[in-house]
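**Q** Could you build all of it, start to finish, from the sequences and the hints given here?
Residue numbers (our numbering), protein chains in the order written: chain Z, 1 to 185; chain D, 1001 to 1208.
I should point out that these hints are in silico values taken from the structure, not numbers from a laboratory. Please note that the accuracy of each hint is not assured.
Claimed, not checked - Derived SDA-like pairs: lysine to any residue, alpha-carbon spacing no greater than 20 Å straight-line:
1) K1075(D) - G68(Z)
2) K1109(D) - V1076(D)
3) K1083(D) - F170(Z)
4) K1128(D) - D23(Z)
5) K8(Z) - P1119(D)
6) K1075(D) - D23(Z)
As the list claims (entries may be wrong) - A short list of chain D residues far from chain Z (calculated; beta carbon distances all over 12 Å):
7) E1139
8) F1193
9) N1196
Don't be surprised by glycine CBs; every beta carbon is placed ideally from N, CA and C.
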Amino acid sequence: MIYIIDHKDSFTHNVVHQFSLFDEVECDNYNNLNFKKLFKASVIVLSPGPGNPKDYPLTSKIYNKFKGKKKIIGICLGFQQILFCEGAKIVEQKKIYHGFQSNIKVTNDKSLFKKGKKFKVGRYHSLKLKEPFKNKDFEITMRCLESNVAMSIENKKDKIYGFQFHPESFLTNNGNLLIKKILSA
Amino acid sequence: MIKDNNYSIISCSPENLITKQGSTISTKPIAGTVKKNKSMNKVKALNYFRKNIKETKEHNMIVDMERNDLSRICKVGTVRLSKIKVVEEYKDLFHYVSLIKGKIKKNIKNIDIIKAMMPGGSVIGCPKISTLNLLNNQEKESRNIYTGSFGYIKFNGDMRFNIIIRSILNYKNISEISVASGVVVDSYAQNEFNENYIKAKALIDLFK
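**A** This is the structure in structure tokens:
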């Protein structure tokens, strides 16, 4: 079962539908989490949402508790939340991407996805990962072709994956395939 | 039109929030407006919208929001875009419009649909909860009926609800027309302000 933590977002049910294509999904609001379901889940998904990772201390606690024990997937804010918990700085970017379709590229040969592959994705974020970001277990695996901003992270050892873009958006090509591959990894 | 002893609402809203027929539901969000004139026809309007990054981003955001709201009440894998970013022509303007459809889950009641879909994303912003909180602080006057919704529910459960825009509220011998424009990060204040006159023109002309 997949447990989605909804950070009060307006895209979370798109995420629920996308993950439901592959497994049973439970989703609760950040303010009303069900710990029984959380413990039962094999995968935890950290949803997109407004604000900054600092605004969701309970999600950070959950991440730290289950890291290495369950597969964890973060989308947009969830991506930033993972990085924040790993000591990264999350900063404002000059250009704000809301409803923006960008071309991105797989830039790392350690990725689950084929290096060099380019595709279009939907983006809704004002914040980004401040680089350089060094962590021996995490690889930045995709980047925006225009701005070079980090678009995905992968930690194969602990099975942690994150996307800065929105795989569930209609602006993302083959978003379902991305999620299928991550879930089967 | 809705008419009561104390008030009436006359609406020619082009924005359909909920159309439910049997187990099929659709919503038709509008985000994107351009004034109609001699040099702006439907084809040119489509080119204008496609090249205009601000209008495109605003529209994309609303489409993903409305997909989200339909996903609350629809079967997995059934929420689809039947029309993606097309132009609709009206008396004084062109609108950028999409149409999203889905199949309603079993055991979903009409009240669940209304709760999931209202208020419409195009008149609130994204994400809904945080923008609603911001709007409550920013907007000094009540919107009254404006950007609300009215419609009908048939005895067989089918229903249709609009978003109350391009409407006249008559009460206490006063006729009230409200207009507004959606503000996103790339908006120019003057353009957004001018858009209000384009939207109100057809209704104001009725009083001339």
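**Q** Would you mind marking each hint as holding or not holding in the structure?
**A** Each hint, compared with the structure:
A distance of roughly 33 Å separates the Cα atoms of K1075(D) and G68(Z); the hinted pair therefore is violated under the 20 Å criterion. The suggested pairing of K1109(D) with V1076(D) holds, with an alpha-carbon distance near 17 Å, which does not exceed 20 Å. A C-alpha spacing of about 12 Å is found between K1083(D) and F170(Z), which places the hinted pair at or below 20 Å, so the restraint holds. Between K1128(D) and D23(Z), the direct Cα distance comes to roughly 28 Å. Violation of the 20 Å bound is thereby established for this hinted pair.
Straight-line distance between C-alpha atoms of K8(Z) and P1119(D) comes to about 16 Å, which keeps the hinted pair within the 20 Å bound. The suggested pairing of K1075(D) with D23(Z) holds, with an alpha-carbon distance near 14 Å, which does not exceed 20 Å. Listed as outside the interface, E1139(D) is consistent with that label: its C-beta sits roughly 19 Å from the nearest C-beta of chain Z, beyond the 12 Å cut-off. No beta-carbon of chain Z is positioned within 12 Å of the beta-carbon of F1193(D); the least distance is around 21 Å.
Separation of N1196(D) from chain Z is adequate, the least Cβ-Cβ distance of about 22 Å exceeding the 12 Å criterion.
In terms of the numbered hints stated before, the structure departs from hints 1, 4, listed from lowest to highest.
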